[in-house]
Amino acid sequence: MCPLFSLEEPHIELRLATFIMAVLLSSNLCLILLVSALDWLPTPASAFLIDWDRTTSSATLGPHFTDCISRDQETFRCWWSPGSLQNLSSPGALRVFYLKKDSPTSAWKECPEYIHENRECFFDANHTSVWIPYCVQLRGQNVTYFNEDDCFTVENIVRPDPPVSLNWTLLNISPSGLNYDVLVSWKPPPSADVGVGWMRIEYEIQYRERNATNWEALEKQPHTQQTIYGLQIGKEYEVHIRSRMQAFVKFGEFSDSIFIEVTEIPSKDYTVPLTLVLIFGVVGVLTVIMLIVISQQQRIMMILLPPVPAPKIKGIDSELLKKGKLEELNFILNGGGVDGLPAYATDFYQEEPWVEFIEVDEEDAEGGDKEDNYNSDTQRLLGLPHRNIEGFSAISHPDDDSGRASCYDTDLPEHDTQRLMASLLPGQPEDNETCLDAPASETGEKPLIQTQIGGPQTWVNTDLYAQVSNVMPSGGVVLSPGQQPKIQENTSGSERETQKGGKQNEDVEGIKEQKRNEPQFQLFVVVPEGGGYTAENNTQQTSTPPSTSVPGAGYQTIQPQPMETKPAATGDANESPYILPEPSQPQLFTPVADYTVVQELDTHRSLLLNPPPSQSPSLCQPQHPLKVPMPVGYVTPDLLGNLTP
Amino acid sequence: ALCSRLSSMRAASSCTNGQTGCHFLSLANLFDRVIQHSARMHGISNDLHSEFELYFLPSKNQIGRVSRNCHTSTILTPNGKENAQRIAREELTEVILKLLVAWREPLWHFHQNMAQHREFNNFSSNKSLEMSEMVHELRRGVQKVVEKMQMLGVINSSLGNLGSPEALLASDRAEWRLMNDYDLLYCFRRDSNKIQNYLKILKCRIIPEHGC
Numbered sequence: 001m002c003p004l005f006s007l008e009e010p011h012i013e014l015r016l017a018t019f020i021m022a023v024l025l026s027s028n029l030c031l032i033l034l035v036s037a038l039d040w041l042p043t044p045a046s047a048f049l050i051d052w053d054r055t056t057s058s059a060t061l062g063p064h065f066t067d068c069i070s071r072d073q074e075t076f077r078c079w080w081s082p083g084s085l086q087n088l089s090s091p092g093a094l095r096v097f098y099l100k101k102d103s104p105t106s107a108w109k110e111c112p113e114y115i116h117e118n119r120e121c122f123f124d125a126n127h128t129s130v131w132i133p134y135c136v137q138l139r140g141q142n143v144t145y146f147n148e149d150d151c152f153t154v155e156n157i158v159r160p161d162p163p164v165s166l167n168w169t170l171l172n173i174s175p176s177g178l179n180y181d182v183l184v185s186w187k188p189p190p191s192a193d194v195g196v197g198w199m200r201i202e203y204e205i206q207y208r209e210r211n212a213t214n215w216e217a218l219e220k221q222p223h224t225q226q227t228i229y230g231l232q233i234g235k236e237y238e239v240h241i242r243s244r245m246q247a248f249v250k251f252g253e254f255s256d257s258i259f260i261e262v263t264e265i266p267s268k269d270y271t272v273p274l275t276l277v278l279i280f281g282v283v284g285v286l287t288v289i290m291l292i293v294i295s296q297q298q299r300i301m302m303i304l305l306p307p308v309p310a311p312k313i314k315g316i317d318s319e320l321l322k323k324g325k326l327e328e329l330n331f332i333l334n335g336g337g338v339d340g341l342p343a344y345a346t347d348f349y350q351e352e353p354w355v356e357f358i359e360v361d362e363e364d365a366e367g368g369d370k371e372d373n374y375n376s377d378t379q380r381l382l383g384l385p386h387r388n389i390e391g392f393s394a395i396s397h398p399d400d401d402s403g404r405a406s407c408y409d410t411d412l413p414e415h416d417t418q419r420l421m422a423s424l425l426p427g428q429p430e431d432n433e434t435c436l437d438a439p440a441s442e443t444g445e446k447p448l449i450q451t452q453i454g455g456p457q458t459w460v461n462t463d464l465y466a467q468v469s470n471v472m473p474s475g476g477v478v479l480s481p482g483q484q485p486k487i488q489e490n491t492s493g494s495e496r497e498t499q500k501g502g503k504q505n506e507d508v509e510g511i512k513e514q515k516r517n518e519p520q521f522q523l524f525v526v527v528p529e530g531g532g533y534t535a536e537n538n539t540q541q542t543s544t545p546p547s548t549s550v551p552g553a554g555y556q557t558i559q560p561q562p563m564e565t566k567p568a569a570t571g572d573a574n575e576s577p578y579i580l581p582e583p584s585q586p587q588l589f590t591p592v593a594d595y596t597v598v599q600e601l602d603t604h605r606s607l608l609l610n611p612p613p614s615q616s617p618s619l620c621q622p623q624h625p626l627k628v629p630m631p632v633g634y635v636t637p638d639l640l641g642n643l644t645p
Numbered sequence: 001a002l003c004s005r006l007s008s009m010r011a012a013s014s015c016t017n018g019q020t021g022c023h024f025l026s027l028a029n030l031f032d033r034v035i036q037h038s039a040r041m042h043g044i045s046n047d048l049h050s051e052f053e054l055y056f057l058p059s060k061n062q063i064g065r066v067s068r069n070c071h072t073s074t075i076l077t078p079n080g081k082e083n084a085q086r087i088a089r090e091e092l093t094e095v096i097l098k099l100l101v102a103w104r105e106p107l108w109h110f111h112q113n114m115a116q117h118r119e120f121n122n123f124s125s126n127k128s129l130e131m132s133e134m135v136h137e138l139r140r141g142v143q144k145v146v147e148k149m150q151m152l153g154v155i156n157s158s159l160g161n162l163g164s165p166e167a168l169l170a171s172d173r174a175e176w177r178l179m180n181d182y183d184l185l186y187c188f189r190r191d192s193n194k195i196q197n198y199l200k201i202l203k204c205r206i207i208p209e210h211g212c
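These protein sequence lines map, in sequence, to chains A and B.
Following UniProt numbering, the numbering of the first sequence begins with 1 at its first residue and continues without gaps.
Following UniProt numbering, the numbering of the second sequence begins with 1 at its first residue and continues without gaps.
Listed below are the simulated DSS-like cross-link pairs for lysine-lysine, each with C-alpha atoms no more than 30 Å apart in a straight line:
#, chain 1, residue 1, chain 2, residue 2
1, B, Lys98, A, Lys101
2, A, Lys109, A, Lys250
3, B, Lys98, B, Lys127
4, A, Lys187, A, Lys250
5, A, Lys250, A, Lys101
6, B, Lys127, A, Lys220
7, A, Lys220, A, Lys250
8, A, Lys100, B, Lys98
9, B, Lys144, B, Lys98
10, A, Lys250, B, Lys127
Footprint (simulated), chain B over chain A, 3 or more residues, beta carbon under 8 Å:
#, segment
11, 118-130
12, 194-201
Sample of chain B residues facing chain A (criterion: CB under 8 Å; computed from the structure):
#, residue
13, His42
14, Gly43
15, Asn46
16, Gly80
17, Lys81
18, Glu82
19, Gln85
20, Leu178
21, Asn197
22, Lys200
23, Ile201
24, Cys204
25, Cys212
The set of hints was computed from the structure by calculation and includes no laboratory data.
Cβ atoms here follow ideal geometry from the backbone N, Cα and C, with glycine treated the same way.
Assemble the whole structure, with the sequences as input and the hints as a guide.
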């Protein structure tokens, strides 16, 4: 392959000239290369610069140069050998000539200084020029032994002397006590003039175990110290170093070796206690975790496996829904056997606090759009023949859709639900104030199943659900005015089912006496925002235990707008189902409660609902002898127990 | 390395006028950067030269075969240690700059050539590009050093600006176009070694205390 020219064309003549010259020269070069490739020219001497030429046996070689070396880039020496022609070995038989190509007219000159015993020719500083090609040749009597390969430039034949003052210091020992690091340092060779900057040297350290055969070489670097990592305690190491010019190829000789050894140092055994401590610590932590898990099993199960919401019917104790208690349930629901309600699915009731009650829409199984259904529901509800307040008012708070999502299809047949709802109609307690709208559900958070019952509306003007617009300090609830004077508004929307069940129970008991005097009822006052159930008011806990709560304290009045009187829509629930009560109308227009709080059950298993205080307790059913303050609107399961005669 | 060197050089010039020590330190810094740069440049040229020898002219020592002198042979350079030390600082600096200026174009064309020929692998082609860029950067670096030195009075300001047209014209001579690739690489290898050497000597003459 001939080297290619890069031709540029500044000017045409120049172009031509250069082109021609280039062609000529390249052809010349190509020829030479070809010839050399063919090895056509005799090579009386072998070159010392090319290492791989040494494979030729020296036996057949004539006189040749063995090596030319410079140590400091200021002087250099060349050695020759007579080769196989021993008659030339006597000193003076061969003479060294050199050519310094620093000008086109340079000529061959004889060696400036001979050292015959070494067969060495020494070129001192005056005769040494760097960056200028030298060629050397041997001449005998009439013969010139010349190899074209014996040409060089001084910087290429530099092999610096090895560094001096090599020593080592211990850096550190590994924690395991098995390995250590050593810092080796040295000084640059004195012959190399590093201080002036004339030579830039890089160093290579090699080390090996004492009896090993292979040396480990570290990375070359120009500094005068280096760290050897990972030597083993107890072993003896041998270290030596050599140097070379940066960015050149030829290394100098190795220095003398030094020996490194570090004997074992008794090391404290820190590891065993540490391990023990670790193990114990881990065991302890595990134990604590186990304890926590075991003690909080319920909660963890709740977190990990949240229960699937299922429809619940507010006010019905799940216990009752289980097998064996259908009669009781029926009894309760039917107000003593008027009609037997079919047994509900036993699965309805669960005790998850967060479960909202499920609206069971007869026509539309999903609890979905309450507003839409409300009209018909109300109508249906109002159409119920039964006025007994029985069962419970399942008031579902429309706040959020939880519970509805589970789209539980109640199994209630239509007219059962009607009856159910009928029983929801508010009953008037005997007293104004004793119609406690105790929070219906003390069963803790029990979702209600709001059953929307369709059917003819018998109670034309009765809204089954009434909105409590305000809570009187005395404990009375101001419900939204409805058509029915007697119907007291219940606060619907209570998930206030979330009354503590058990707590209520006891309270209920305790309240028996005070029932009359206790205006407490826990209502959830929902302010109608214009339709539907205003969801904002979710209150969790409307109930404080009736015995203890301050009147009205347990309620959250979202936005009492007592004066806002919405026509109770004469039973039309197109407008908001919540009708604000008008306390100032004590007259016949008792606000029709959309939701009625069941205060207690009377003897006839009717639900006593809390009438508005100013109204005649016409709707108030005779107080149940039980005098059990009922949770608002709902009968909690444990209360049911009380209700059972 | 290029960018860090240049940025450090800019940073170094932010020394206020009053502090000589700071100035000399920054000058030493500048020199170090420049010397590092030149060392790297020489390393690359060495690599390229060896590769070229290996692939194209494998068997023989080619020194004897250099058919002509390098185009920079006309630049008088000190060829020995004593010469380099005896020469005036300004002359030495000028030599360095002349060399750098002379090589800018040839290397660029060499790279262009290499980029087109597929004989050289990409690695070598990248090196040739790097080499040509380094020459340019190094020249700018050395000029900054010279400015600094002139500012400090280390050298007198007789040194002309070698970015001047005549210097550029000198490099535009067609001599280098006659060289083949091998010769070019050989010559540049030699010259980059010279540059590296001269820079180091210059630095140790001017600021001997830091790292000489």
